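*Asks:* These protein sequence lines are chains A and B, in that order.
Take 1 as the starting number for the first sequence in this note's numbering and just add one per residue.
Take 1001 as the starting number for the second sequence in this note's numbering and just add one per residue.
No wet-lab data here; the hints were simulated from the structure.
Fair warning: there could be bad hints in the mix.
[Claimed, not checked] Not the full set, but computed from the structure, chain B residues with beta-carbon under 8 Å of chain A:
| no. | residue |
| --- | --- |
| 1 | 1034 |
| 2 | 1040 |
| 3 | 1047 |
| 4 | 1076 |
| 5 | 1099 |
| 6 | 1101 |
| 7 | 1103 |
| 8 | 1104 |
| 9 | 1129 |
| 10 | 1136 |
| 11 | 1138 |
| 12 | 1140 |
| 13 | 1141 |
Since this is a predicted model, take the numbers as computed values, not measurements.
Glycine residues also receive a C-beta, built at the ideal position from the N, C-alpha and C atoms.
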Amino acid sequence: MWHSARRRTQIPPADDGVSVGSAIAHDSAAGQIRGSAQYIDDMPEAANLVHVAPGYATGAAKGRITRLDLDAVRAAPGVVAVLTSTDIPGKNDCSPSFGGDPIFADGRVEFHGQVVFAVAARTREQARKAARLAKIDVEAETPAVTVEDGLASGETVLPDYQFLRGDPARAKDGAANVVSGSLRVGGQEHFYLEGQVAMALPGEGGEIHVYSSTQHPSEVQHLVANMLGKPEAEIVCECRRMGGGFGGKESQASQWGCIAALAASVTGRAAKLRLDRDDDMIMTGKRHDVRVDYTYAHDDKGRLAAVVVEFNMRCGYSADLSLGVCDRTMFHTDNAYYYPNVRIHSRRVKTDTVSNTAFRGFGGPQGMVFAERMMDEIAIRLGIDPLDVRKRNFYGRGRDVTPFGMKVADNIAPRLIRELEKTSDYRQRRKAVKAFNRQNRFLKKGLALTPVKFGIAFTLKHLNQAGALVHVYTDGSVQVNHGGTEMGQGLHTKVAQVVAEEFGIDFDRVKITATTTDKVPNTTPTAASSGSDLNGMAAKRAAEIIRNRMAEVAARLHQATTSDVGFAGNMVRVGEREIPFAELARTCFLERVSLSSTGYFATPKITWDRETTSGQPFLYFAYGAACSEVTIDTLTGEMRVDRVDVLHDVGKSLNPAIDIGQIEGGFVQGMGWLTTEDLVYDASGRLATHAPSTYKIPTASDVPEDFRVTLWDSKGNREPTIYRSKAVGEPPIMLAISVFSAITDAVASLRPGRVPKLDAPATPEAIARAVRSMREA
Amino acid sequence: MPTVSMTVNGKQVSGEVEGRTLLVEFLRENLRLTGTHVGCDTSQCGACVVHIDGNSAKSCSMLAIQANGTKVTTIEGLANGDELHPMQAAFKEHHGLQCGFCTPGMVMSAVDLVKKKPKASEHEIREWLEGNICRCTGYHNIVKAIQHAQQTM
Ligand code: FES
Ligand code: FES
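Extracted from the complex, chain B is given alone in its bound form:
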């Protein structure tokens, strides 16, 4: 079995995986980082979004070995100790979640958006989120939270 190593949330990790092991499986099962969720298994819902070298990616549709040598950030690595990332704080303050299952992926996508397009319009925010399904909130408060984080990030 091949060995992969990568930096996850600032820590150097390595592990043996099968060639076909998905990144999300590696994160959830080998590293027990279960904040990254699986909603659809097939690259459509966005619950599994993480950052690979600073770019958002769906971890259910990439292999663990494809992430070899990269820097991975998951929802668990976003906050600075007790201090929430501004995007997390905004989601909480603006009620951007209900069941919370989509939230980790939503937050990770949103962070990437604000980094890449700090001044994204509401329309651009909504388009960016097309790969993230939320079945509970109707998105309104999610968009509001992201607009707020645009000011604080």
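Here chain A stands alone, though its shape is the one from the complex:
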């Protein structure tokens, strides 16, 4: 079993020359620690490159544009071109789905920060300064800012959607306890350390090559082509690496790629756009915040009979990816629990604010926070340990079908929880927490152990495909390209490990190159945690095709059969003989056998039909659990996380170091979302928290020193995924719900039986308010 914490086993150092399953350092690490790994803003610039800055109507959130006076912008020093919607020869849209996301606002402003024009100038500073000189008058209308505003206006970006099973109304009537409530869960800014950036180079005959920090190069290519009215074949989009993505560069990197491409097309010069951080926070969407309204019914043991829940998701001004995001909230409303009678309803509320978008977990976390809040409430009211309430509601025999009709066939949650309960010493610590709370008047401790069950696959069926391109060169070195993008999650490292394993060669003989649409076309976004599941498999298939050809050559030349040929340790064994891998590659060339192949993979078993709410949306579930202990100061609302124990299931790990890194990083990001990261909009729809000075992202001192992460000792994924591994990108975010539950537990200790009024994020202010609410009559 693999552990991370100082207090336990260390991750062993990277071992050279072994592949799948070993803790190889990130493939870019060597360059990153030297400062030589290039991000887009670090790339050499063409001599006449222009810098592009976007401009918007600073004084308005919504209304018709009555005057757009850009004369002063044009006249500013260094300005080469000013771009508006009228400069777009093709389609003025950068939406990933349903349209309605103009690249430049056309006639109307729909949210505060919507881009109206862009200016290209000799230097970045000249461009940014010039952008401020615009005079934009807007016939201002009152914007809908909050969920309540949006509900009052009645407007939605997409139709409602619902899962229904059984008869929740009847089940409620017969139940001993029926409870209604409402919970707010806040949004979250991605704060990828590298802000949005793109650089476009004009080529021969109007071709454009866009370097974009994007999770979805094919979409940038597609949107640039549409914008310029050109065939996709004339546009290339390339991404070597991102300085973080987290979903924020899935659909919302496109606009910046489009604007850079338009500037390059109009000026005939290389054009680069890097958003200023404040602009980035104002102009790009975030995690959906939500108001959850619910009623549930349970017996005196805490077992649920019925759950009726309505998610009012704040989508912003357009659909963007809200369909998938809001659906996934519904898919994870059950978390690991069985709801016999259930109605899950989702409203996709339109507000006049930036369009909310993908964020690690893609809506799932919001659904799960509700599930865990419900468990906590039941436990508090009945005076039962919350862990016992959770256990009583787990999926199990005869109670194993989700609200959307999928059978939970691989349910390891109960076993995993039992193990973490033991290793985290939960029961003993529960006693200690109670004793502490008896002895301390102002400081109170809370403890919570919560599960995660997260479905793996895109719920939009056609996205579950990937391609790869593998070349073996005559010196035996190998180049791999695949459709996935690298944002720090270690995807390239894992894929290279897979290819090294297939050829039986050292990891450092495999070179991964930038993701680019001219090598692997028609790719899907790197998202839904499925990067290695999809691209690892596609690369494996490409490698297998070449390996089989090489095996045939070896067998033919040495009078053997291909079943006698094996690849390991940089050698190819043919019966008794051993040939260096490189020598066989050279022989294949001389024998005129191709050493290059594509590989393709489409996830099997995905049969989800959204219209009929039937079929299977996921290939499998990833599981995990976390136990968190916190201390709150009831006078100030301050909170400290004292200890965290995590047990997480990654199937058979492709790379334990990378997987543990994903778990730790995901947990801390989730903890930030639920405790300190508070997005504040003012009444006129302006984001007040548009820099890390006002938007609090966890720093090293906010993270528990005692942080123990263990990988579940898995026999491997039941499904034949790549080397029986499981996806790990998103699930860890939701482990942090244990912190939110532990805070609830600490506040609840003030008055047994009363449920604290605590919304997420549980900032010190929110905790202080919740504490006060416990003292009210």
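Following the hints, put chain B with the ligands in place on chain A, whose structure we already have.
*Replies:* Frame of chain A; chain B with the ligands shown alone:
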């Protein structure tokens, strides 16, 4: 335009800058030392940390002319040829990075810490890093790497 000169990574350099040119711009644009990153533009994330006369500083919030006559070290100047600085080696070995964007600033801050407080406790390391945001790693491996470098530096 004023001329600034300074020693950067052991080399004497000079260049014409505007009075308002930031040190980070001078490093990245004039000298093409792009290992020093800009994460926030406003002195909060620490991606731009370099050493000025041996002390860590955020190069996005100081002017190039303020660095006139100083000795500047950037992430590119830390290694000794092929041989990594012990802090760089520790970050690699202990997986102290994911997307790597915060890494140059993180490493530069950490080197300064270990020089000033070789025996810093875990708690002190975490407090020292408060000016450096990492959105990927959760900091655990970064702290581990620094603790390891405390032994090797
Ligand atoms: S760029 Fe200097 S602190 Fe963020
Ligand atoms: S490794 Fe990505 S921000 Fe630190």
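*Asks:* If a hint holds in the structure, say so; if it doesn't, say that too.
*Replies:* Taking the hints in turn, this is what the structure says about them:
no.: 1; hint: 1034; verdict: 4 Å, holds
no.: 2; hint: 1040; verdict: 5 Å, holds
no.: 3; hint: 1047; verdict: 6 Å, holds
no.: 4; hint: 1076; verdict: 5 Å, holds
no.: 5; hint: 1099; verdict: 3 Å, holds
no.: 6; hint: 1101; verdict: 3 Å, holds
no.: 7; hint: 1103; verdict: 5 Å, holds
no.: 8; hint: 1104; verdict: 5 Å, holds
no.: 9; hint: 1129; verdict: 4 Å, holds
no.: 10; hint: 1136; verdict: 5 Å, holds
no.: 11; hint: 1138; verdict: 4 Å, holds
no.: 12; hint: 1140; verdict: 5 Å, holds
no.: 13; hint: 1141; verdict: 6 Å, holds
This entry satisfies every hint, going by the numbered hints stated previously.
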